[in-house]
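Trainee: Each chain, written out:
There are 2 protein chains.
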Amino acid sequence: MIDRAVSLSDDAALREALAGADFVLFAAPVAQTQSLLERIAPFLEAGTIITDAGSTKSDVVAAARAALGERIGQFVPGHPIAGREARGPDAALLDLYVNRNVVLCPLSENRPEAVERVAAMWHTPGACVRGMASGQHDRVLASVSHLPHVLSFALVEQILNSPDAALKFSFAAGGFRDFTRIAASSPECGATSAWRIARRCLPNSTTNTAVLARLRAAIEAGDGAALEAVFARSRVARSEWQEHRSAGDASK
Amino acid sequence: MIDRAVSLSDDAALREALAGADFVLFAAPVAQTQSLLERIAPFLEAGTIITDAGSTKSDVVAAARAALGERIGQFVPGHPIAGREARGPDAALLDLYVNRNVVLCPLSENRPEAVERVAAMWHTPGACVRGMASGQHDRVLASVSHLPHVLSFALVEQILNSPDAALKFSFAAGGFRDFTRIAASSPECGATSAWRIARRCLPNSTTNTAVLARLRAAIEAGDGAALEAVFARSRVARSEWQEHRSAGDASK
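First to last, the sequence lines map onto chains A and B.
Counting from 1, one number per residue, gives the positions in the first sequence under the working numbering.
Counting from 1, one number per residue, gives the positions in the second sequence under the working numbering.
Because the hints were derived from the structure by calculation, they are not lab data.
Careful, some of the hints might be misleading.
Said to hold, decoys possible - Selected chain B positions facing chain A (in silico; Cβ < 7 Å):
#, residue
1, PHE23
2, VAL140
3, SER143
4, VAL144
5, PHE153
6, VAL156
7, GLU157
8, ILE159
9, PRO163
10, LYS168
11, PHE171
12, PHE176
13, ASP178
14, ARG181
15, SER234
16, VAL236
All figures in this text were calculated on a predicted structure; none of them were measured in a lab.
Ideal Cβ placement from N, Cα and C applies to all residues, glycine included.
If we strip away everything but chain A, and leave its shape as in the complex, we get (with noise of 0.2 Å):
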């Protein structure tokens, strides 16, 4: 266990770091995958496993195979989902991680043992591991994490943009501030990141335009009754999805 920062420069420290190391917990920002890589992979041992705790897994994957090479197998890659908008080392809980998933994307080139031990370092801070391919955990985050941020931004960006913005602030209320605050914590969107983390969302935002136009056309032709099967539909989802949330905390 290395407990103080090592400089990326010092040759002699990074190889006396990652002497005997078990394990590497790559945790960077998804643009910085590649060059970081480079860096340690001089260093690394034969047996140590490298994992990363990146939000997206597929540009994560090649950016990995760019660095490592035929060292491939030693990287299992993973996607931690807790954080928190608070960051350093005073801002650590004991909890973070009870009952929240963390996917791991395992590639052909990774041992089974490999997978196994990345899955119990997990677990015993109490996370729930899950087995996803790449491309599929890009998809499901896309949807669930990417576009509300992008729909968030978009929201936030159009009101700036209208004459009238100052006036419109000054009457947004609590709903505007739950339906922004995605877009006010996130760190990752802020870095050189910004465009990688965007394109995973470009299916859904297109899927996202057609429910939006389908919501337009209902609006046009004052067909309330379409319009009230869908945020009924919605909201009914969204109170089971809330439940079943509220179970898993409750079972902490």
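Given the structure of chain A, go ahead and fit chain B onto it with the hints provided.
Mentor: The following block gives chain B in isolation, referenced to the frame of chain A:
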């Protein structure tokens, strides 16, 4: 002050309830405005002022004109922008309106004293009363309230329609909860008035689609700088809005 329920089918009780009334605060689903106003109109004395609490104003004004005819000057359109998910007398909060906006949309037929008396009524529980034309009110609220509702519903609907809906819901986390809370807590969208409210969003959803199209283009072009600019702008605007709002809350 009438402190009991009066049956709308009981002419004598209605007449008694409205006799000598200074104010009628009309709080009913927007879609029922015309029929309910028609029902009480025969018992309304010339000195009584009616105001309402509906979340749209152009359609309420049209309904009131149809119901009240030449007596439309007695009706001062209003929209108190505060509410709770909980309903009924037990959910009442003494400070619900403190520092909250109440919009009045005076008509050319209203006597200035009538508007002033309605404003004074709302000042009593601590509200900030602001004047605005009906059309402007509807455009502003469509941006900051109704459009977020529609986007939130569209997101849930899109997930429901996708082949792996259950998997996606099982990965929805806090951001999704915030983003969709607005859809869960919108009783008005459940009534037959859904399409009236949604129609207010029509111009805005066009603009929103345009903003989304620009974001899509930037994503497709891999233009991270353009995306980052939009995200940063949104985050700053949202944060300034939040600070401004917190300052307002603190001044209670």
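Trainee: None of the hints should be skipped; say for each whether it holds.
Mentor: Status of each hint after checking the structure:
1. The restraint placing PHE23(B) at the interface with chain A is violated, with a minimum CB-CB distance near 24 Å, outside the 7 Å limit.
2. Checking VAL140(B) against chain A: minimum C-beta separation of about 5 Å stays under 7 Å; hint holds.
3. At its closest, the beta carbon of SER143(B) sits 5 Å from a beta carbon of chain A; the interface hint therefore holds under the 7 Å criterion.
4. At a threshold of 7 Å, the smallest CB-CB gap from VAL144(B) to chain A is about 4 Å, leaving the interface hint in force.
5. The beta carbon of PHE153(B) is positioned within 7 Å of a beta carbon in chain A (closest approach about 5 Å), and the interface hint is therefore held.
6. Checking VAL156(B) against chain A by beta carbon gives a least distance of about 4 Å; that is within 7 Å, so the hint holds.
7. A cut of 7 Å between beta carbons decides the hint on GLU157(B): the least distance to chain A is about 5 Å, and the hint holds.
8. The criterion of a C-beta within 7 Å of any C-beta in chain A is met by ILE159(B), whose closest approach is roughly 6 Å, and the hint holds.
9. Because the beta carbon of PRO163(B) sits about 10 Å from the nearest beta carbon in chain A, more than 7 Å, this interface hint is broken.
10. For LYS168(B), the interface hint holds, the least distance from its beta-carbon to any beta-carbon of chain A being 5 Å, beneath 7 Å.
11. Here the hint on PHE171(B) is kept, as its CB sits about 5 Å from the closest CB of chain A, short of 7 Å.
12. At about 5 Å, the closest approach between the beta carbon of PHE176(B) and any beta carbon in chain A falls short of 7 Å, and the interface hint on this residue holds.
13. Satisfaction of the interface hint for ASP178(B) is found here, the shortest Cβ-Cβ separation to chain A being roughly 5 Å, below the 7 Å cut-off.
14. Annotation: interface hint on ARG181(B) holds; nearest CB of chain A at approximately 5 Å, less than 7 Å.
15. The beta carbon of SER234(B) is positioned within 7 Å of a beta carbon in chain A (closest approach about 4 Å), and the interface hint is therefore held.
16. Restraint check, VAL236(B) versus chain A: the minimum CB separation of about 9 Å is more than 7 Å; hint violated.
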